[in-house]
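Protein chains: 2
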Amino acid sequence: MPRTLHLALSAYGVGGPGQHGLWKDQRVPKNASVDIDYYIRQAQTAEAALFDAYFIVDSQFINASYPAHYLNRLEPLTLLSAVATHTRSIGLVGTASSTYNSPFNLARRFASLDHISHGRAGWNVVTSFDTGTSRNYGLDEHLDYPTRYGRAEEAVDVVRGLWDSYEDDAFPADVDRGVFLDPSKLHALDHAGEHFRVAGPLNLARSPQGQPVIFQAGVSEEGRTLAARVAEGIYAPGGTLAESQAYYRDIKDRAAALGRDPDHVVILVGAGPVVASTDKAAHRLSRDIFEADNDFDRKLGFLGRSFGSHDFTPYDLDAPFPDVAHLAERSGRTRGLEIVRQARDENLTLRQVVETVSEYTPSPFTGAPDTVADALEHWFAAGAADGYNLRFRTHEDLERFAADVVPLLQKRGVFRTEYAGDTLRANLGLPVPANRHTLARESAAR
Amino acid sequence: MPRTLHLALSAYGVGGPGQHGLWKDQRVPKNASVDIDYYIRQAQTAEAALFDAYFIVDSQFINASYPAHYLNRLEPLTLLSAVATHTRSIGLVGTASSTYNSPFNLARRFASLDHISHGRAGWNVVTSFDTGTSRNYGLDEHLDYPTRYGRAEEAVDVVRGLWDSYEDDAFPADVDRGVFLDPSKLHALDHAGEHFRVAGPLNLARSPQGQPVIFQAGVSEEGRTLAARVAEGIYAPGGTLAESQAYYRDIKDRAAALGRDPDHVVILVGAGPVVASTDKAAHRLSRDIFEADNDFDRKLGFLGRSFGSHDFTPYDLDAPFPDVAHLAERSGRTRGLEIVRQARDENLTLRQVVETVSEYTPSPFTGAPDTVADALEHWFAAGAADGYNLRFRTHEDLERFAADVVPLLQKRGVFRTEYAGDTLRANLGLPVPANRHTLARESAAR
Ligand SMILES: Cc1cc2nc3c(=O)[nH]c(=O)nc-3n(C[C@H](O)[C@H](O)[C@H](O)COP(=O)(O)O)c2cc1C
Ligand SMILES: Cc1cc2nc3c(=O)[nH]c(=O)nc-3n(C[C@H](O)[C@H](O)[C@H](O)COP(=O)(O)O)c2cc1C
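So the protein sequences, as listed, match chains A and B. Reading the first sequence from the start, the letters are residues 1 to 446 in full-length UniProt numbering. Reading the second sequence from the start, the letters are residues 1 to 446 in full-length UniProt numbering.
To be clear, the hints were calculated from the coordinates, so they are not data collected in a lab. Please read these numbers as outputs of a predicted model, since none were measured by experiment. Be a bit skeptical, because a hint or two may be false.
[Claimed, not checked] Taking lysine to aspartate or glutamate pairs in the DMTMM-like style, the calculated list, with each CA pair at most 20 Å apart, reads:
id, chain 1, residue 1, chain 2, residue 2
1, A, LYS30, B, ASP168
2, B, LYS30, A, ASP182
3, A, LYS24, B, ASP176
4, B, LYS299, A, ASP182
5, B, LYS24, A, ASP182
6, B, LYS30, A, ASP174
7, B, LYS24, A, ASP176
8, A, LYS30, B, ASP176
9, A, LYS30, B, ASP174
10, B, LYS30, A, ASP176
11, B, LYS280, B, ASP370
12, A, LYS24, B, ASP174
13, A, LYS299, A, ASP288
14, B, LYS24, A, ASP169
Could you put the whole structure together from the sequences, leaning on the hints where they help?
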């Protein structure tokens with residue numbers, strides 16, 4: 001079977017990354033971020049276009065300078081449960097922080113979604129970007145990188161252990177013998193680690209795809225280590241083709257070095273295609289969208305997000321970029337330190353940094369349908385991506401992509417023409433993990 | 001307007017309290033507890049019968065001796081989100097423990113459900129019955145009563161504070177002025193209490209009914225204090241008419257003493273009606289159901305639940321009931337200590353205790369439709385209940401109640417013939433709480 005690419009839709013209400021002014025668009029309901037019908041319609045459109053997954057990012061912190069969508073959004077698992085019963089085949093991936101959740105709770109909620117969706121749940125494991133989140137959970141300071149990522153890795157292990165509490169045949173429900181549960185197929189976890197102690201078992205049968213799919217998003221050294229060890233899907237940040245190729249190679253190599261099959265780590269590059277009838281029209285549209293929302297104060301406010309929601313308004317805009325490297329250390333270190341480095345190397349003022357980090361850079365997937373299909377195919381063939389996590393401005397933009405670009409990808413044989421199955425694993429080409437206790441019993445019997 | 005009663009449906013899959021062997025019933029799917037279509041159908045039937053609410057209890061601990069439904073169940077909030085988009089008017093009350101959840105997380109998930117359901121969410125605040133839960137959350141011992149209930153009270157305060165993060169008019173979304181959020185209508189909480197420190201604000205707009213409705217279930221002194229102070233709905237345990245009257249009076253008096261309107265604490269008594277064509281047939285049915293599931297070992301196992309999941313199998317069945325009062329102290333103290341007291345007073349052996357606590361006691365709501373309607377009306381009129389939290393064995397039993405008993409209650413004028421509105425508050429007759437910050441501003445302006 002020829003290798004085909006995977007598509008996820010990253011869902012936002014009134015504006016995702018780089019779409020701060022979207023709420024002004026007449027076509028977008030002002031309360032789209034909390035309108036469940038809006039999400040259901042998005043997911044159904046993506047499903048009709050045979051997307052692998054519907055993807056919900058998350059944060060648990062805001063301040064007033066955040067863009068519209070961040071200010072007011074539904075909690076991912078409740079959102080996805082509602083979407084689940086209005087869709088049939090599309091995967092449902094929810095972002096949840098391992099830093100500010102308990103693994104028992106996470107295990108329950110994702111397994112529950114997997115039952116409700118009949119095998120379409122995925123957990124995007126993040127360690128929380130926004131440092132201010134800590135103060136919503138009783139901690140003065142965001143946990144540092146090693147602690148956050150150590151916790152993330154252990155949390156995934158615990159959650160997967162809990163997902164194996166019951167073997168697949170634990171419930172004979174045999175009326176004649178009066179046996180509902182076979183207690184020998186129910187297993188406590190008795191986990192005692194550095195970050196968690198969890199006895200188990202989980203009070204939920206093994207889910208329809210064995211275990212929900214583990215996604216990961218985070219590009220630091222620690223993030224890559226986590227990805228290589230546990231991720232079955234990755235939300236990669238994108239950037240240039242060369243950057244994406246380097247990231248792709250690095251992750252696949254790391255996974256292989258750990259004895260994993262690199263094909264079982266599906267890398268989806270984040271992308272926001274802009275499609276119009278001609279390349280020129282698409283580039284004009286892209287530029288217009290940028291200009292319409294080109295507000296300095298807003299950008300100054302948003303810059304703070306890479307530095308623990310730091311308030312940059314008191315600084316002199318025309319003095320050299322302030323020394324805020326230490327503020328990046330706990331939050332989006334990778335991004336924050338990049339900004340600091342560039343400011344130092346190029347001797348930039350605060351004003352120049354704001355202009356630089358929010359410079360107009362069109363998506364590499366901007367153009368006529370053929371151009372966009374070319375680019376998507378090229379990155380895929382060139383070892384930069386196994387697929388894409390796509391975001392669109394409006395529902396109309398998603399519909400246009402589905403109508404004009406997806407058929408081209410299909411004609412070229414790089415995208416499916418029907419779902420391989422009705423679970424997320426089936427469509428991502430991921431194996432169903434065998435229950436560890438069943439495996440252990442079988443290997444003991446040999 | 002004459003006072004009318006309220007009805008909730010307590011939803012279970014393969015067997016709620018006292019229905020341990022339900023999974024053997026041909027009409028119940030063996031996996032009903034995790035079958036979302038089963039729940040959706042239940043909720044729709046209850047909605048067609050104009051029930052106020054659909055109610056999901058919860059636990060986060062099991063061992064193999066637990067009855068079928070407890071072993072394998074969906075997490076309440078994911079379950080209810082899925083049900084939300086398939087119903088229109090019925091309230092959706094989910095049980096969540098304040099002992100093993102963070103208030104920020106709880107606030108988000110319930111507010112999210114309130115948005116998804118357009119104003120029908122309720123939180124049943126419990127402190128967790130099953131002591132073993134603590135070991136799923138890193139604690140060797142279940143928190144003691146004062147700590148659990150102190151935490152519960154503070155959790156409700158924090159959650160309500162977070163629900164008021166945004167004033168109702170915080171999002172003008174005014175394109176001409178370029179203003180999406182009015183930042184003066186966004187409020188941090190900055191809570192620092194004995195159990196929690198939570199900065200806020202919540203990243204979710206105020207929900208359609210102002211705030212989700214707070215329910216409570218727990219009958220100890222501490223539980224009643226909590227109920228009187230914060231509950232707008234109560235899931236009361238039932239028992240005899242006299243016991244229910246005493247409980248009802250006590251709660252209403254406590255609420256009044258705190259300056260609250262006792263009508264704004266809606267007491268729903270738990271009840272499992274058994275309806276048949278004649279009283280005699282209903283009593284025979286009730287007895288048959290009991291006998292079919294009258295298994296000593298199972299009852300011995302379940303007795304442990306009131307004593308921190310204590311294993312009673314090693315004890316001599318015919319020796320005096322063992323000294324396990326201390327084991328009740330942390331878990332279902334009220335119930336556990338009652339059992340200990342009775343055993344001592346009546347000089348019972350362990351075997352006798354098992355037989356006594358699981359003695360056949362027909363529901364006071366057993367009989368022909370008229371008899372059941374009489375009893376429901378009588379308890380309501382006699383100051384024992386504002387309504388009922390009903391559980392049924394099978395879907396067919398719910399349908400029978402809807403078809404045969406509900407119309408009688410309507411004919412007598414004690415139950416609605418149409419919904420008062422499409423929010424849970426509207427149907428329970430509860431006011432929409434004003435946003436505290438709006439109130440403060442208005443009172444400062446006066
Ligand atoms: C493409 C991408 C998407 C992400 N999505 C989220 C998200 O939705 N919520 C979140 O808290 N963090 C998200 N993260 C951030 C990670 O959680 C991580 O905390 C942060 O990026 C800092 O770690 P890093 O330096 O390893 O990337 C995302 C990261 C990447 C690269
Ligand atoms: C009618 C009723 C229903 C309850 N439902 C639950 C439940 O679903 N989950 C739970 O953990 N506890 C539940 N509780 C128990 C309380 O959480 C509490 O922990 C326990 O009853 C001990 O407290 P108490 O002595 O105050 O009742 C319920 C209690 C009552 C009276």
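Hint by hint, here is what the structure shows:
1. A:LYS30 <-> B:ASP168: Distance of about 14 Å is within 20 Å: holds.
2. B:LYS30 <-> A:ASP182: Judged against 20 Å, a Cα distance of about 14 Å means the pair holds.
3. A:LYS24 <-> B:ASP176: 9 Å, holds
4. B:LYS299 <-> A:ASP182: 18 Å, holds
5. B:LYS24 <-> A:ASP182: OK: B:LYS24 and A:ASP182 at ~15 Å, within 20 Å.
6. B:LYS30 <-> A:ASP174: Roughly 10 Å separates the two Cα atoms, so the pair holds.
7. B:LYS24 <-> A:ASP176: Holds - the C-alpha atoms of A:ASP176 and B:LYS24 are around 9 Å apart, at most 20 Å.
8. A:LYS30 <-> B:ASP176: Holds: A:LYS30 and B:ASP176 sit about 14 Å apart, inside 20 Å.
9. A:LYS30 <-> B:ASP174: 10 Å, holds
10. B:LYS30 <-> A:ASP176: Measuring from Cα to Cα gives roughly 14 Å; hence the hint holds.
11. B:LYS280 <-> B:ASP370: Within the cut-off at roughly 13 Å; holds.
12. A:LYS24 <-> B:ASP174: 8 Å, holds
13. A:LYS299 <-> A:ASP288: 17 Å, holds
14. B:LYS24 <-> A:ASP169: The hint holds at about 17 Å.
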